[in-house]
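*Asks:* Here's the letter readout for the chains.
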Amino acid sequence: MSTKVTYEEYELVAALRQKDDQAFSYLYDHYTAALHGVIKQIVGDAELANDVLQEAFVNIWRRIDTYDETKGRLFTWMLNIARNAAIDKTRSKGFQQSQRQLSITDGEMIQISVRPGIDDYGLKRMIHKLKDEQRLLIDLSYFQGYTHEQIATALHIPLGTVKTRIRSALTQLRALLS
Amino acid sequence: MNVKEYISSGVVESYVLGLLSEPEKQEFEAICAQYPEVLAARTAFELALEEQLMQDAIQPPSHLKQQVLERLSSPGQESKDVYEEDRAPVRRIGVWKWVAAASLLLLAGAAYLAFTANSRYENLRAENEGLRKQLNESSGQLAQLQSEVDALAKPGMKLASLKGTVIAPEAQVTIFWDTTSASKDVYLMVNNLPQPASDKQYQLWALLDGQPIDLGVFDTNLTQRRLMVKMKNVQNAQAFAITLEPKGGSVNPTLDSMYVMGSL
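Residue numbers (our numbering), protein chains in the order written: chain A, 1 to 178; chain B, 1 to 264.
So here's chain A without its partners, still in its complex pose (with noise of 0.2 Å):
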């Protein structure tokens, strides 16, 4: 890219949806350390964390004429498909295999250290200033992926107070952010 060419956000979105590849080099350049980031804290292992980015981008590509954007920002669409792409991963057999160990000592339970290079940047930095129950339904929701109907049933509280709290510290996270 030897011109730097920079895009309002609905002239980069008509771009795309033209196919232009500028526009795509830019998109990457631009977002990808972004959605690395989540992608990382996700599914934790940096190799796995190139692959879903990649996976993550080529579905961007292809999916863009489904961008809404009535319904969000170009960003936050792109965020869900990396943190589904992620979410996604996580599921797969070999990484349940290889990660087990992982999930058994920190990743359903409430992970009291934060691991380096993962836990401390962006969100995973904002919800450990949460309260551990907190930390640990964001955790169980957004970064694992489970429905408010799996969390219920496995720490043992009602649906509805599953719902009440993660709003509630969503709500704080909002004002953490702000």
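These are computed hints drawn from the structure, not numbers from a lab.
A hint or two may mislead.
Distance condition first, Cα-Cα at most 20 Å in a straight line; then the derived DMTMM-like pairs of lysine to aspartate or glutamate [what the hints assert, rightly or not]:
| no. | chain 1 | residue 1 | chain 2 | residue 2 |
| --- | --- | --- | --- | --- |
| 1 | A | K71 | B | D209 |
| 2 | B | K65 | A | E69 |
| 3 | A | K129 | B | E51 |
| 4 | B | K65 | A | D21 |
Use these hints to put chain B onto chain A, whose structure you have.
*Replies:* Leaving out everything else, chain B in the frame of chain A:
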């Protein structure tokens, strides 16, 4: 609808982070289209989140971009997985979860067994300790009795039976005097003596030509545990007597508190 309450309920963040169920999502989108404040709140959170994640990011290795571009330009290597942004991931509780749960149960069971085994062991150990103490005590008492019986059985052992006086007609004490040994040991056996006041002690006297000789004080609780108590020795005596004296004994016997007396 109370818009403020709705906005601060956490539903906005849940939507943006992809944590709403499909019906909840549709409801939120409808409300968002209807209420500009909700839309504004959504956009504000999206921007805050984006800003945070953009500045707090981790660069992947630089060769990755080339790989992505290559994949995009070679349709043969298409990914089978298509990740839709609007499909909430549902995580199955896989077999390893059950294995983990079973392991935890097993671990808990083992821990319980270990705990009960350990407390049983502790109990047995304490019991054993108690029995050993008891045995030591009994052995000591037995040895004591044995030596007393041996002393009694000595050929030259003389015996004086002290009878109760008027102040204690029921009292009775037996004195054994080993006259053959050089030391002339004196032993005392209480058959019956009233329990003295706590500030008093019984004192044994030998009587020779009308003169009392102090043979020492003794505690009745000691005489309860032993058959005999060894007193001070005396070379010559015609009779023995016991008086009740202030604790520690007296130089001269208090004659009006004489409890028993008897001659050889």
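*Asks:* Holds or violated: B:K65 with A:D21, Cα cutoff 20 Å?
*Replies:* holds, 12 Å
*Asks:* Take the C-alpha atoms of A:K129 and B:E51, compute the straight-line distance between them, and say whether it is at most 20 Å.
*Replies:* OK: A:K129 and B:E51 at ~18 Å, within 20 Å.
*Asks:* Measure nothing beyond the straight line between the CA atoms of B:K65 and A:E69; if it is 20 Å or shorter, mark the hint as holding.
*Replies:* Answer violated: B:K65 to A:E69 is near 26 Å, above 20 Å.
*Asks:* Are A:K71 and B:D209 close enough, with their CA atoms no more than 20 Å apart?
*Replies:* violated, 127 Å
Hint check: violations occur at hints 1 and 2; the rest are consistent with the structure.
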